[in-house]
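J.: Sequence:
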Amino acid sequence: MPIITFPDGAQKTFDSVVSVIEVAKSISPSLAKMALAAEVDGKLVDTAHLLDVDAKLAIVTDQDAAGLEIIRHSTAHLLAQATQMLYPNAQVTIGPVIEDGFYYDFAYKNGFSEADLGKIEKNMYKLVKQNLKIERIEMERDAAVAFFQAKGEHYKAEIIASIPKNEPLSLYQQGDFIDLCRGPHVPSTRHLKAFKLMKLAGAYWRGDNNNEMLQRVYGTAWANKDDLEKYLHRLQEAERRDHRKIGKKQSLFHLQEESPGMVFWHQKGWVLYQIVKQFMRDIFIDNDYQEVHTPQLIDKSLWQKSGHWDKFSEAMFVTGSEHREYAIKPMNCPAHVQIYNQGLKSYRDLPLRLAEFGSCHRNEPSGTLHGIMRVRNFVQDDGHIFCIDTQIQDEVAAFIDLTFKVYQHFGFEDIAIKFSDRPQKRVGSDAVWDKAESALKKALNVKGISWELQAGEGAFYGPKIEFVLKDCLQREWQCGTLQVDFSMPERLNAHYIAKDGSKQTPVMLHRAIVGSIERFVGILIEHYAGALPTWLAPIQAVILNISEKQLDFATIIEKKLKKQGLRVISDLRNEKIGFKIREHSQQHCPYILVVGDKEVENRQISVRQRGGKDLGTMPLETFVKLVTTE
RNA sequence: GCCGAAGUAGCACAGUUGGUAGUGCAACUGAUUUGUAAUCAGUAGGUCGCCAGUUCGAGUCCGGCCUUCGGCACCA
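So the first sequence is numbered by the working numbering: it starts at 1263 and just counts up by one.
Mixed in with the good hints there might be a few duds.
Label-pair ranges, simulated between beta-carbon atoms [what the hints assert, rightly or not]: (1) Val1580 with Asp1488: 53 to 59 Å; (2) Ser1621 with Asp1651: 30 to 36 Å; (3) Thr1630 with Lys1704: 32 to 38 Å; (4) Gly1673 with Arg1398: 46 to 52 Å.
Listed below are the simulated BS3-like cross-link pairs for lysine-lysine, each with C-alpha atoms no more than 30 Å apart in a straight line [claimed, not checked]: (5) Lys1765 with Lys1821; (6) Lys1427 with Lys1395; (7) Lys1761 with Lys1821; (8) Lys1704 with Lys1607; (9) Lys1824 with Lys1539; (10) Lys1704 with Lys1687; (11) Lys1461 with Lys1492; (12) Lys1887 with Lys1842; (13) Lys1825 with Lys1811; (14) Lys1875 with Lys1860.
Read the hints as simulated data drawn from the structure, not as lab findings. Backbone N, C-alpha and C define an ideal beta-carbon position, used for all residues, glycine too.
Throw the hints in and build the complete structure from the sequences for me.
T.: This is the structure:
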């Protein structure tokens, strides 16, 4: 006699064992029709699940987040079924739900092509029309292994074999297709109404690049066609913001074959770059950093001492001269230790903060390059703080505050913090790592900041805190970083004389706020879709004349505004005013200044703000004030 | 690096079964002297990513390489 309690507190008593779908029917036929699954005492189950004891029950429909997830998961199964019907030699592996959709990895020797995606998708919709029942089957582990082995599904068998023996296993069947799955799934294929296969990619079996490569099919799935359309539209919006497109359109930079992963900055892009750099330079000055500059080419032996050669020699560009081997620096820290080491330091000198906009080269694998976001040559707002271990917490706290301040200034609010602890490939003793990790965690906890743990993701010399921004494509970009390093100062013989006269090794904090300026500029471009705020805009205002008669006046105000420090150009071409306004609007110029006969007569300018807002005519001084106080 | 796709004029793209490469915008020249998102006309512009090959003939077909794009792995 199970008593079922619903989310609103209402209760219903049933005479005997009852299934979820029967409970739903007892409430209303339409609810039964919509039911995808149910949450029973906090656990998700199928609609066929039987209830034999008292339980709290909530029917899950496509209106719930859990419902959407089930739809995506079931769509992944549908993809696998449709694929195996067309390509019986393709073996199934895994098909999880991801943000906005799902994927399924197949082991398929012949490989798929984009054309296959269309065929598979068609077949999926065909199976939806057949409204196949999706049923759960329970099986013992060893029986399941044998079952999949017999079907020639070796990957699946391997997955199941790695599951503990006593755990009950569930399989799901729809038509002839059977897959291992925890579930739950939608009751039948008719519930899968809006999906699209998006792209084809390679992916390593079990995420390990020593394993063979599988064929991954990505798809998106939604509760209805409307949501699917909205999602596709969102993707288009993201594409519109692509920094590579905007960079070309606004002539900010370009890349070319002869320098893969290295940026050719055009005048306008370089202005933006320099604004970011100068802003960070001022931040250094205001926060007691000393800006220094160190060589780009440093003898291999130093990289051997620092430990970089062992770990990253393959990713370093090297060059030789007179029988000596040099590496182009991939980072600035060993060089900063060399500056620190000039002259004996006292505890009174600490913390000593060194900063550098040093040009670094890393030979990143070709497949990783991505516009100006992931490059082989970049400059960071790089800094190293040499301090005593008792000073770590204060330094970390001050850095966190500073970082948030900087991000806010650039217009970023959505920031996540991640904490990465010791990786497998590392230098330094466990005792030293214990010390470093706890110092970082303590600083975070004292500030009351929540963070996500990334186990084993630390740098080889120390644990790190990462500051992660989300861009318009919902991709995460790690910008800021702070790393505690007890190892490198020791390896490179850095010392200070302590209060008691003893010789000690300082701790080194590696830190950056915007990180790679190249990447940060890319993020800014996408964040603002090319319409940069006035303080960042390479061109802040453009002067347009109506006709030749105002040439002289236009030239005079251009000079005057430039003298006031504004970044101004004039467009005096013999074109209609509408045409010129259109062009500069498309370039997202913050202000368009129009001068015609009236303006010449009054010695004023007519100001049009980005977005088409007419601010009327005003004297130059008023405009300068407007822009500088914006 | 691995899997898949792509590379044609400054940019965005078309190019059929292999038969001497096109369109739009931009550029240039001329006319027009214009009042808030496209004035008109004309001209010029290409070793079809690179290298080899098949063919009487290759943008198109085969092979290799480079770069880019989407992922995977990587990211000091």
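J.: Now, for every hint given, state plainly whether the structure supports it.
T.: Tested hints:
no. : hint                             : verdict
1   : Val1580 with Asp1488: 53 to 59 Å : holds, 56 Å
2   : Ser1621 with Asp1651: 30 to 36 Å : holds, 32 Å
3   : Thr1630 with Lys1704: 32 to 38 Å : holds, 34 Å
4   : Gly1673 with Arg1398: 46 to 52 Å : holds, 49 Å
5   : Lys1765 with Lys1821             : violated, 60 Å
6   : Lys1427 with Lys1395             : holds, 29 Å
7   : Lys1761 with Lys1821             : violated, 59 Å
8   : Lys1704 with Lys1607             : holds, 27 Å
9   : Lys1824 with Lys1539             : holds, 21 Å
10  : Lys1704 with Lys1687             : holds, 24 Å
11  : Lys1461 with Lys1492             : holds, 18 Å
12  : Lys1887 with Lys1842             : holds, 25 Å
13  : Lys1825 with Lys1811             : holds, 24 Å
14  : Lys1875 with Lys1860             : holds, 20 Å
Checked against the numbered hints given earlier, this structure breaks hints 5 and 7; the rest are met.
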